Structures are given as structure tokens and as C-alpha cells.
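**Q** Residue strings, one per chain:
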Amino acid sequence: MNKFNLLKPDSSNLYKYIYTGSFLFFISTLDVFLNSFFAINITSFLPNFISFILPLVLGLFGLYLIRIEFSGIKSLDLLNKNINTNNFNAFLSLIIIFVVIKSIPPVMSWFILDANITGDTKDACTGTGACWTYIKIWLRRFIYGMYPNAEQWRINLSFISLLALGSVGYFATEKLKKYLTLYYVVIYPFIAFLFIFFFISGGPVFFEFSYGIIAFSISLIIGFFIPKKFKTWYFLLIPIILYISLKYFFFYEESIDLGKLNGLNWVETGAWGGLSLTFIVSFFCLIFCFPVGMFLALGRRSEMPTIRYISIGFIEFWRGVPLITVLFMSSVMFPMFLPEDFFMDKLVRVIIAISLFEAAYVAEVIRGGLQALPRGQYDAAKSLGMDYWKMHILVILPQALKLVIPGIANTFLALVKDTPLIFVVGLLELVGMLNLAKTNPEWLGYAMEGYVFAAIIFWIICYAMSKYSYNLELKYKTER
Amino acid sequence: MSNSIIKIENMNKWFGDFQVLKDINLEVEANKKIVVCGPSGSGKSTLIRCINRLEEHQKGKIIVDGNELTEDTKDIESIRANVGMVFQQFNLFPHLSILDNCTLAPIWVKKMPKKEAEELALKQLKQVQIDDQANKFPGQLSGGQQQRCAIARALCMQPKIMLFDEPTSALDPEMIKEVLDAMVNLAKAGMTMIVVTHEMGFAKEVADEVIFMDEGMIVERAETKEFFASPKSDRTKLFLSQIL
Numbered sequence: 001m002n003k004f005n006l007l008k009p010d011s012s013n014l015y016k017y018i019y020t021g022s023f024l025f026f027i028s029t030l031d032v033f034l035n036s037f038f039a040i041n042i043t044s045f046l047p048n049f050i051s052f053i054l055p056l057v058l059g060l061f062g063l064y065l066i067r068i069e070f071s072g073i074k075s076l077d078l079l080n081k082n083i084n085t086n087n088f089n090a091f092l093s094l095i096i097i098f099v100v101i102k103s104i105p106p107v108m109s110w111f112i113l114d115a116n117i118t119g120d121t122k123d124a125c126t127g128t129g130a131c132w133t134y135i136k137i138w139l140r141r142f143i144y145g146m147y148p149n150a151e152q153w154r155i156n157l158s159f160i161s162l163l164a165l166g167s168v169g170y171f172a173t174e175k176l177k178k179y180l181t182l183y184y185v186v187i188y189p190f191i192a193f194l195f196i197f198f199f200i201s202g203g204p205v206f207f208e209f210s211y212g213i214i215a216f217s218i219s220l221i222i223g224f225f226i227p228k229k230f231k232t233w234y235f236l237l238i239p240i241i242l243y244i245s246l247k248y249f250f251f252y253e254e255s256i257d258l259g260k261l262n263g264l265n266w267v268e269t270g271a272w273g274g275l276s277l278t279f280i281v282s283f284f285c286l287i288f289c290f291p292v293g294m295f296l297a298l299g300r301r302s303e304m305p306t307i308r309y310i311s312i313g314f315i316e317f318w319r320g321v322p323l324i325t326v327l328f329m330s331s332v333m334f335p336m337f338l339p340e341d342f343f344m345d346k347l348v349r350v351i352i353a354i355s356l357f358e359a360a361y362v363a364e365v366i367r368g369g370l371q372a373l374p375r376g377q378y379d380a381a382k383s384l385g386m387d388y389w390k391m392h393i394l395v396i397l398p399q400a401l402k403l404v405i406p407g408i409a410n411t412f413l414a415l416v417k418d419t420p421l422i423f424v425v426g427l428l429e430l431v432g433m434l435n436l437a438k439t440n441p442e443w444l445g446y447a448m449e450g451y452v453f454a455a456i457i458f459w460i461i462c463y464a465m466s467k468y469s470y471n472l473e474l475k476y477k478t479e480r
Numbered sequence: 001m002s003n004s005i006i007k008i009e010n011m012n013k014w015f016g017d018f019q020v021l022k023d024i025n026l027e028v029e030a031n032k033k034i035v036v037c038g039p040s041g042s043g044k045s046t047l048i049r050c051i052n053r054l055e056e057h058q059k060g061k062i063i064v065d066g067n068e069l070t071e072d073t074k075d076i077e078s079i080r081a082n083v084g085m086v087f088q089q090f091n092l093f094p095h096l097s098i099l100d101n102c103t104l105a106p107i108w109v110k111k112m113p114k115k116e117a118e119e120l121a122l123k124q125l126k127q128v129q130i131d132d133q134a135n136k137f138p139g140q141l142s143g144g145q146q147q148r149c150a151i152a153r154a155l156c157m158q159p160k161i162m163l164f165d166e167p168t169s170a171l172d173p174e175m176i177k178e179v180l181d182a183m184v185n186l187a188k189a190g191m192t193m194i195v196v197t198h199e200m201g202f203a204k205e206v207a208d209e210v211i212f213m214d215e216g217m218i219v220e221r222a223e224t225k226e227f228f229a230s231p232k233s234d235r236t237k238l239f240l241s242q243i244l
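Here the protein sequences come in this chain order: A and B. Each residue of the first sequence is one higher than the one before, counting from 1 in this note's numbering. Each residue of the second sequence is one higher than the one before, counting from 1 in this note's numbering.
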């Protein structure tokens, strides 16, 4: 048996080394722990500098002693392999452990121990930690913005209903599964739009509808006399044309009281805000920017020069300007170019602007996926007699989109985190409301709490999205 | 010849400045099996890719099943639907199961009812003996199985002509046989086939005629027996001596 040499650990005296090493490591972390949690310095009898450096030296030596290769103890080998491969890594590991131990007490005390949540006014916040009272009092504003308190049930109900409708996919039977894509891509956004338009926005609901009903009835009556061959086109186009012409050219408003049923109180979009606005903007931007981006990506690879150059121009234009400029333009410049009686809501303009902006990014991400596909896939699809659209919808896009799920998720996360920028046009979502609240004279000085709160909320949203995208990747993985 | 299903006249093709095909003249009668061989870079693959217009030719005429392939051929898709093609790299659709690979085109291009398409696909998969793998994904199959699936997929469109672009070149030696067997069965069933291959055994067994290409030209075209027994050109002799 080898002699026990303190400086040369080997596996023959395994346990002696492990016990000595672990003991030293334990002492060093204990020292830091006591220091950090209870402000006790057990090495205070030593000179200052040595007392400061001692845990590191002890810890390093301890880790050096337990660094024994092929010890046969699984957990020890794992530990050595991961955090203790050499002196430098042991040093880094120790520093990280110390930093974590050191940072727990102040973080804990700020978040919980010294924080206040009781009371209704600023005076309740007496502790040195966070003032959660501020968040508590302002929570309604952070979630609903300036939406009137009495009407907030409309937002709640809309979001709960949409959430319920969105979860349909989990309960769909095998037979209905094939309609799910259609449902999520077309029907669900439309329902969401109706909810937001009629429910959250409110106003004289059926007034708008009356034109629709008249247009539909007229087109239905004429529809009987249209040859069968043109019926699809007829019913796609005529009701819309009739509706628009009725609304904008006939000015029936005075003469028809048919639909003048007052619905819910109208709440203008300027009053919307907070987290609910974050959701609304993100949701519609995500939904719009994706198909637009897809068409741009295909357009950029098109063989037709006109389409290709338009796509390139569009993409490069939107990628070249900052989002904040785009938003500013959409709210200030854009209305100047519109005819006087044509009104488009600020929120709608903002959603369109962000969608087009992000669509340019989505387009380039998707183009990356398209380019990653081998040429053979195109050849195979063509050789089976598929035309351009069939080839892309059935063969190319499913594969390309699967490849770019991480990139798309990236863009979408960036989009969600870009939504606070809509403050430049006066729409205040979560962060906008925080900025407003922190300048309230009664609640000055609590910006920190607000931003931490916003950070946590955004992190939850984004983490959920990234998890979801990862699940999608796994779901569509068909390789070996 | 009246019943020639493919007719190529004075066809020329360039990639940029490089001329890949020079003055190709070729007529193929229905139900004939043609093997195209030659050294790599001789334009064999390009030739058969021109037949279903995966490549465009710049000069000359290609007439497939009575339709001339030109830039303004409107319905190139329906011509392609009648010409099956099998590729060197299989080119199965990796996001679809084997069965879906086979039913995709019949359902969406030929508007066949789903049930009928699945029956047809299973029949074709049984022909190439992989019907038991129908619900797996291409990534889970061996190369030979994938290539047989690719043959079945092409056959599901019930084509009049089958083109094979070096179907066995990307396979392990022991898998070549299973693919060649499938092709031999197909040939015996009377399909019109143009096969680019280096498998001279296959050529001897099923081909009616063999075409030897070099440097973008058809050097020699002869009945199979004659081709192997008494090749005329020196280039063919050299090639055969190296490959056999």
C-alpha cells in the first residue's frame, strides 16, 4: 500500500483523501455561508487579507484532494468530470458557488424578507426591501390599462373564452383533427378578432352588421340566377363588394335605423393597455406576420423577376428601418396620405406596422429553411406532377418550416419583447403602464419593483413560448 | 416508327457555356426497356432529366407521349404525372410516412379518393415487398427499402414511362439486389423503362436495347446482345472492358 502523501492523491488511499478533501471544501463553503447569512467571520482572528482569501485556498485544496480519476464512486467521478477537471475549473466552480451563496441573502431580503405587501398607500412600505404594495395597488392598471374598471369583465371573459377555444386542439377527436389547421389558421383568429372588435371595443355593434346583412341578402337573392360554374367566385366576391359599396358610397346611415342597436359601451383603443394590450398586439402580429413572411420568402425565391424584386425590396426596406421609426410613421405620417373620411384605428395601424416589420424577418428565416432543403425534394415533387403551389404546400414548406422552428421562435420572442415600443404612438401596454405609474407623484421611487415585475411577466411569457416551440420540434421530428 | 412514346430530335443542352448534350436523337417505343450507360459526366442523367423537363433543353425537340416539351408547355404537370422517376438519392419526403409518400401525389394531383389511393399504394408497396413498413418514416428504413418505396411511389401515379436515374448507385452491395429485383419485376410487367445504370447484369437480363453515351453524345445504340457481344466503337469497347 502506498504511503499517504497529502500532496499526491491516488486511489489507493481513496477514502482518506475524500474525507480530508470534503472536510476542507465543507469548511470553506461554511465560512462563506456564515459570513453571508449571519455576518459571522469564523476566521476573524487571522489578518484581514488571509481571512478573505482563506475559503478559496481551502476549497481549492479540498477539490484538489478529491480529484481522483477512476475512483469507482459514481457521484464522485461525475463531480470531478463536470466541475473539477483541473485546478482552473475548480477555481471557477468555487467562485460560482461563493457568488451564489453570497447573493442569496440580499436577493431574498429584497424580494421577501424585508418586502412589504400590506396596506394601500406608500406609507405601508417601511421595509428596506421591495414595495409590492405598489404592484398590488396598480395591478389592475398593469393588466387592463386605462380600461374602465366596471367594464373589465369584458376583457376577462374574452380572454377566458379565447383560451378555452384555443385549447380545442387537445380535445379534438381523430375525425376532426384534419380541420384543426384550418381552425387555427383562419377560424380562430377570426373569432379572436370578433371578440376583440365587438366585445373589448364595444360600441353600436349591430350597426356595422346591418350593411353586412343587407349585402348578404341581396347577393343571396341574385345568387339564384347565377350559373353554377361561377357560384364560388360569385359568393366570394359579391357580398364583400356590396358591403363596401353600401358602406362607403350609399351612406345609408341616416335612412336605415335597422341595425342601430346599442351594444356595450364603446371603449376607445387609446384606453386599452397593460398586459391585455401586450397580448392583443402580440397575438395579431404573430398571426399576420407569419403568412406574409412566408409569401415573401417564396417570392424572394421566385423565378419571376417582378415578384422577386418586389419581395427583395420589401424585405430589405423593412429590415433596414428601426421599429420605432416604423411605428412613428404608422401613427403620424400614414394618416396624412389617407383620404379624409377614411379612418383607421391607431391600434390597427400599429398592428399592421409591426406585422409587416416582423414579416421581413420571418421571411428571411423561412428562406433559410427553404435553402436548406436538398434539390432532390423539388425534383421528386415535380416528377410526381405537382405544380408550384402543391409542391410547396405539400412537400417543401412542411419540411422547411420544421427546420426553422427555432428561428421562427426567436423572431416571435423578439416580437413579443418589442411590443413595449408602441408607447411612441401613445399606446401603453405593460411596460408603458409601468412608466406611467412610476411617475405618479404618490408613488415616486418604485420603478425597480415595476421593472422586476415586468421582467418576470415577460420571462414567463417568453419561456412558455420557447418551451412550446421546443415541443413542436420534438413533435415533428421524424428522423431516426 | 409510329408508336414511339418518346421522341428526341437534335436535342442540345448547355449549362452556361458548357455543352452537356450534343445532337441527341432518340426514339423509344412503348414497352421497351432501354439501359443508358457511360462514364460519369457523359450526360446520361441530364438526358433523362430532360425527358420530364426537370432540366430544360435549349435546342431541338422532345416529344413525350405526343406532347412536345417547350417553354410554353402549359400543362407540364400532367405530362410529368405520366412519367415516373426514381432518383439516385431516393428523395422520399422525410416528413411523411411511407404510405403517405405513396398516396400524396395520387390524392392531390390525380384527385383520387383517399381510400382508393391507400389501397393502390399498399398494392404497389406489396409489389416491392415493403407493405409491412407502410407506417414507418423514410428515416427509419434502410437504403434499399427506401429506394423500393421510391419505386412504389412513382408507380402509384400509374405512369406510362418510368425513368431510373442510377437507382442503385447510392446503395450497399447487398441492397442493390433487392432494388434490381423490383425493377426486373416491373420490366416483366411490360413497363416502358429508361434506366441509367452501371449494373450491366441488369442490362443483360432485361434491356431490349443499350445506349452508350460519352461526352454528351450517343456513341452507340444497339440491341442488348449485340451491344455486349460485338460493340462497334472503340470507346464502347474500352468502357466495357473496364466495367465488366
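These are computed hints drawn from the structure, not numbers from a lab. Here the structure is a predicted model, which is why all the values come from computation and not from measurement. One thing to keep in mind: the hints can contain errors.
Claimed, not checked - Label pairs and their in silico Cβ distance ranges:
| hint | chain 1 | residue 1 | chain 2 | residue 2 | range |
| --- | --- | --- | --- | --- | --- |
| 1 | A | 244 | B | 10 | 55 to 61 Å |
| 2 | B | 58 | A | 227 | 22 to 28 Å |
| 3 | B | 169 | A | 467 | 58 to 64 Å |
| 4 | A | 477 | B | 132 | 20 to 26 Å |
Claimed, not checked - Within a straight-line C-alpha distance of at most 20 Å, the following computed EDC-like cross-link-like pairs (lysine to aspartate or glutamate) qualify:
| hint | chain 1 | residue 1 | chain 2 | residue 2 |
| --- | --- | --- | --- | --- |
| 5 | B | 74 | A | 418 |
| 6 | B | 160 | B | 234 |
| 7 | A | 390 | B | 77 |
| 8 | A | 177 | B | 100 |
Glycine is no exception: its CB is placed at the ideal position from the N, C-alpha and C atoms.
**Q** So, against the hints stated earlier in the document, which numbers end up violated here?
**A** 2, 3, 5 and 6
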